Structures are given as structure tokens and as C-alpha cells.
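Peer 1: Sequence:
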Amino acid sequence: MHFQPARTAFAVVCALAFDAAGAAELLDTVEVGVDALPPATTEFESSALSPGRESADALRDLLGVSGSRMGGHGTDVSIRGQSQTQINVLLDGAYVHGGCPNRMDPPTSYASGGKYESITVIRGAQTLEYGGGGSGGTILFERVTERFTDAEPLRGEVDAGYRENGNTAEFGVDAAGGGTQGFVRFIGSLTDAHSYDDGDGNEVPSAYTQRDGSLILGYTPTDLTRVEISYEKQETRDLLFPGAGMDSPMADNDTLRLKLDSSDVGGAFTRVKAEIYRSEVEHVMDNYTLRPQAGAFMRAPSISDTTGGRLVGELAASYGHWKIGIDTQRNDRDALRYNDTTATLNSVMWPGVEIDQTGVFAELTHAYDPQNRITGGLRYDHVRSDASKADLDPPGGPMSPNQLYAIYYKGAQAHRVTDHNIAGLLRYEHDLADRAGTLYASLSRSVRTPDATERYMASNGVTPAARWVGNPDIDPETHHQIEVGAVITGERWQAEGSVYYNDVSDYILRDRYTAAGNNASIFRNVDATLIGGEAKVSYRFTSNLHGEAGVAYVRAENDTDDRPIAQTPPLEALVTLEYMQERWIGGARVRAAATQTRVDTASSTGIAGQGLDVGETSGWAVLDLYGRYDVTDSLRLDIGVDNILDKTYAQHLNRANAFDPTQVQVNEPGRSGWVKLTASF
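Our numbering puts the sequence shown at residues 279 to 959.
Where hints are given, some of them may not hold.
As the list claims (entries may be wrong) - Here are the simulated DSSO-like pairs of lysine-lysine, each with C-alpha atoms no more than 30 Å apart in a straight line: (1) Lys-814 <-> Lys-925; (2) Lys-667 <-> Lys-688; (3) Lys-511 <-> Lys-551.
As the list claims (entries may be wrong) - Restraint ranges, calculated between C-beta atoms of paired labels, are given here: (4) Thr-487 <-> Gly-434: 44 to 50 Å; (5) Gln-459 <-> Asp-908: 29 to 35 Å; (6) Arg-556 <-> Phe-819: 47 to 53 Å; (7) Leu-704 <-> Thr-620: 55 to 61 Å; (8) Gln-459 <-> Arg-556: 25 to 31 Å; (9) Thr-767 <-> Asp-647: 18 to 24 Å; (10) Thr-622 <-> Glu-395: 45 to 51 Å; (11) Asp-908 <-> Val-422: 20 to 26 Å; (12) Thr-487 <-> Thr-620: 29 to 35 Å; (13) Pro-648 <-> Gly-887: 55 to 61 Å; (14) Ala-438 <-> Leu-903: 19 to 25 Å; (15) Leu-710 <-> Ala-880: 44 to 50 Å.
Don't read these hints as lab results, they were simulated from the structure.
All values reported here derive from a predicted model rather than from experimental measurement.
Heads up, the beta-carbon is just placed ideally off N, CA and C, and yes, glycines get one too.
Using the sequences and the hints, build the whole thing.
Peer 2: Below you can see the structure in the form of C-alpha cells.
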């Protein structure tokens, strides 16, 4: 790992002239919101999740967030029409990259059972802190254990939930004990889900069983300093995926974290955060363990191991507040597919892929009067990618990765690739008088290195059209975005909105090879444009009655080929009405999406059915009812019915077959009643 750029960056920033006394004098009169969330951000607690819905499924209820369903587990999130590695996902500070080449286990699937104090969704490129790329946004799952006092040596909660559609039962415990000097916290959960029915009463294979546990040890010598070490283990078994060609008998993840956070470091630094983590994912998918199989017995074991760390320092200067940092991660991925009927290797899907990334960044927030501030920053990432097993040749007809690359990319071979990615951010914020709101405008540049699949996937198929082949010569994806937005608050209402324009060079497009009789799924660079926005209005009708309504839209165009980019969500809307009393809340929510006609069903071949979209998707609207009652100060009852009118519908975003790139659209659950009881102590 190469830390020399980081040393240089830290030396430059720390050598900047600043006066601590002057900084204190300025900050007494001008409050810089260094801990404030950036614009286009939504926060919620994982305790708000209803039983039987994993976190990524619930994220789809947020403005500007969509997702593709593959079954009851493993919903893949999309923000502003961007997905997969266009979004940075951190699980309590750690990157956990999934082990399935077909994304049966996206990173959010390893947060589905855990309890987090907050889940934060940042839409778009609003900060440089959380890693390279992130053009679509960032999702932060965070745990924060409050410091104990001598008068409170123990706290926690136990919960149990049930969802009738899918006969899903959940049980969870979160218990912590300690004193002023430290604590021990245990988090555990168990979920047993059967297959659900859609609105027509058709069973959708979606069952799974999941159990996970976390142990956190904390040292808290003062209110301003804490050190934590944690170990987390998650085991998911017997996952069914309708239409995917394969199911997953097992998916495991082990994550180890060491974290330091101190606001009592002295000198120029006002805060220092350091994190080290290691995640190990093991995944298996096959077509015979969990379903009847008449043809060849196929199995694909895979691993994805990630080691990384982050060091971030905050400094107060007379002219503003600095945040500087270095982060690094190394991801190693292997995936093989076997024909167990003949006991032979079929494909080297991830041929020993190694992606090693080190980045440094600096952000400065300068408030030049109480109402106006500007944030600017730069980030550099050094990324090396390689595939050590690209010459591994399966016996018989199937080809090695390098043989496949040569066919579809003019003789290309896997080789070590080094990317030098430079990103930047410039944002202006203006607070309206009398705290009536904030206006903002931003410019950003984000660069994303191709992931293991886009650069090195090597999946053989029965026919050439069933092949799926990465491009070892593909270029990184570069986004230049302009965004303007506002949050305006009245006496009884609040309105917020944003619009953005995203000009993308070298957009990494999954497409089809155009040679006659050889339409394999490939990757290539194109130019693209994404335009969209979000708007939301909330209004308090009385002291007890509150409502809000929001819409989100994105239009994505492949400018090189003059056609829509597939897998772009349609216009989406959300309307909520809540009535609150001292001990209870009742609410109704309408989730809706318009018909999506901007689709790519033919790819560059022009052959119907070879695009990434299954087809046009009809619009839909569903009604949910929910309530919460505080039985006592320590006992809470949550109850609700999702899709109460039993609507049959599917989200536009769909998924691919595990054997080939055939697209599959999965219906959402029909009417689903649920209940959850939580006892705290």
C-alpha cells in the first residue's frame, strides 16, 4: 500500500498558516456547521424498519432512492439513477464488498439484520470524505454507543416481529453494560422468512434464514474520546431467487473493526478519527440444492475479502475549518463456476481480481459571514487493478478469461492497470434571514474505477449470447455535476428541492457485442447525461396532524448511441400523513411510480430482448398503514399493513440471470400485515 501521497498531503495541509487564537475568535461569531450533514441528505433510525423488510428494501421509500429486487433478500439500491459501485456504502465505517458476481449479496444485504443508531443517505457527490467515486451518493450505516454513567450500568432492548405475507419471524437483542471508562455491547438477530405472495396470490420464491451477531468493546476515558474494537458475524442460508437461474445455499460475512474518535487531541487538530477494518465474504450459488434440476448441475463458490482503513483530521483555522484525510482499501475477489455433473471447471468468473486503492483528500469550509459559507475540496485516488488467474483455462470447450477478452476486445489481455483519479467539490450555501432556510449550489467531479465485474468478468455460456465478459481495457468513469437546491421553512411548513445535471465521460455501459451470432454481454465506455431532481413539501395542519409529499425524477441518456440508459427509475412519488398523540402515532403512506417508457430492451444489437430492461413498466400506487403505541415507557408496539389494497406490481429496476445476462423482473409482495414488540431496559 502506498502512503507517500498521504504524507505529502498531510504535510502540505498542516503546514498551512493558521492562527489558533484567531480561529477561536472567528468561530465565536461565525458558526461553521462542521458536524452538519451536507445538502440532499436523509437520516433515519434502523429501529423504524418494519419486520420482514431488510434495510435496502426500506431505503426505497426515501426520496430519490430506488432499488432492484432479486428475492426476499439482497435488494440492490439505486440513487439518482446510479447503482452498484456508483454508490459508496459503509457499514459502521467498513467497506463490505459482496461475494456474488451476480450481486445476490450487495453491500447493503450485510446490514439487513444489524441494529444501527442511524442510517444516512447522501444523494449525489456532496463530500469527498467517504472514498473515491460515489457519484450517485453515499449510504452510511452507523452505530454509536453513548457513554455510560455510574448510575446507568446497563441498557438495551429486545424485540420480536412477525410479517404474515411470507410467514417471516424476527427476533433481536441489543444489550450493553459498562461505566464511565468503557462498555461491552452485544447485538444479535435472527430472521426466518418463507416465500411471499404477490398481489395476485402467486408465490414468489424468496425464502431465507439469517442470523448475525456483533460484539463491541469500548474504552471511553472521557466524553471526548473513545476507542472501539468490534467483531461481527453474519450467516445467511437457503436464499431463494426467482428467475435468477440459481439460488444461494449460503452467504457469510465476518467483519473486524478498530476505531478511534477523539475531540481532545490538542494542538491544531480539533478532532481525529481513525478506523481499521477487515471483512471476509464467502458466497455460494447453485441450481440444484434448493430447486429441482433436470439439466447440468452448476455451482459457483466465491469470496470477497476487503482490508482497509481511514484517518481523518479536523483543524480550525482563522479562515475556516479543514477536514483532511487518507483512506485505503484492498479488495481480493475469486469466483469459479463448476459443472458438478461432470466435476469440471466451467468458468473463471472473477479470475483472482485484486483492486488496491489509496486516496487522500482535503476539504475547507469557510464562513465569510453568519449567512454565507463555501466548501471546497480536492481528492486524489491511486488505484491498481489486476487479475492473477486470467490464464486459467477450463477443460474442454469453455475458455479462459484471457481467451474471452481477446475475442471481444481486439486481442486485449488482463494486465495490471493503474488509475489516477482526481475528484473535486465546490459548494456555496446561503442561509436565509430569520433561519427561514438555506439555498445552495455545487459543482463536483467524481471518478470511479471499473469494478471487478466490469473489468474482469469471464463467464462462459452454452451459446455466445449467454457469455458475460469484462473489459480489461475499459477506462474509469468521470462525472461532472452541477446541483442547485433549497430548504425553506415557514411557520407550519417546509419545502425542499434540488435539481442536478450530470455530464458523464466514459460512462461504463453494459451492452451487447454486435457481431452476427455472437451477442455476448460486454462493457464499453460511452458519453452520457443524467438530469433530474427531487422536491418535497411538508405541512403541519395542527399540532397533531402532519403530512408530506415528494417526487423524484431522473432522465439518463446514452449520448454516444442516442438512446436511453437502461435501468433508470421512472418518476416516483411519496405521500405521507401522520397523526400523533402523546403515546401513539398513526399514519398512512402512498408509494407510487409512473409508467417507465424510456427503456433499452434491444441494446446496441437492435435485437429485442437483449437489452438490460425487461421492457416498459406500468405505473403503480400502493397504500400502507402503520401505527405505534407506547404501552409503557419501556414497551412499544408497532403494527401496520403494507400494500393494503393487495396491488400486483413490480419496480422498474430488474436483475439478471445467474447463468447469462437475461433480465428478470420480480413482483413485489402483495398485502402484508406486520407487528413488532420492543421492550427496552
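Peer 1: Now look at each hint and say whether the structure bears it out.
Peer 2: The hints, checked one at a time:
A C-alpha spacing of about 25 Å is found between Lys-814 and Lys-925, which places the hinted pair at or below 30 Å, so the restraint holds. The suggested pairing of Lys-667 with Lys-688 holds, with an alpha-carbon distance near 20 Å, which does not exceed 30 Å. Taking the CA atoms of Lys-511 and Lys-551, the gap is near 24 Å; set against the 30 Å cutoff, the hint holds. Separation of Thr-487 from Gly-434 is about 24 Å and departs from the stated range, judged on CB atoms against 44 to 50 Å.
Here the CB-CB span from Gln-459 to Asp-908 is close to 33 Å, well matched to the stated 29 to 35 Å. The supplied range of 47 to 53 Å is met by Arg-556 and Phe-819, whose beta-carbon atoms lie about 51 Å from each other. About 58 Å separates the C-beta atoms of Leu-704 and Thr-620, a value consistent with the hinted range of 55 to 61 Å. In this structure the supplied range 25 to 31 Å holds for Gln-459 paired with Arg-556, their Cβ-Cβ distance being about 27 Å.
Look at Thr-767 against Asp-647: about 20 Å separates their beta carbons, and that is inside 18 to 24 Å. Checked against the given bound of 45 to 51 Å, the beta carbons of Thr-622 and Glu-395, roughly 49 Å apart, stay inside it. Checked against the hint of 20 to 26 Å, the C-beta distance between Asp-908 and Val-422 comes to roughly 23 Å, which is consistent with it. For Thr-487 paired with Thr-620, a C-beta distance near 31 Å keeps the hint of 29 to 35 Å intact.
The beta-carbon spacing between Pro-648 and Gly-887, approximately 59 Å, falls within the hinted interval of 55 to 61 Å. At roughly 21 Å, the beta-carbon separation of Ala-438 and Leu-903 lies within the given 19 to 25 Å, and the hint holds. Checked against the given bound of 44 to 50 Å, the beta carbons of Leu-710 and Ala-880, roughly 49 Å apart, stay inside it.
In summary, the structure is inconsistent with hint 4 from the numbered list given earlier, while agreeing with all the others.
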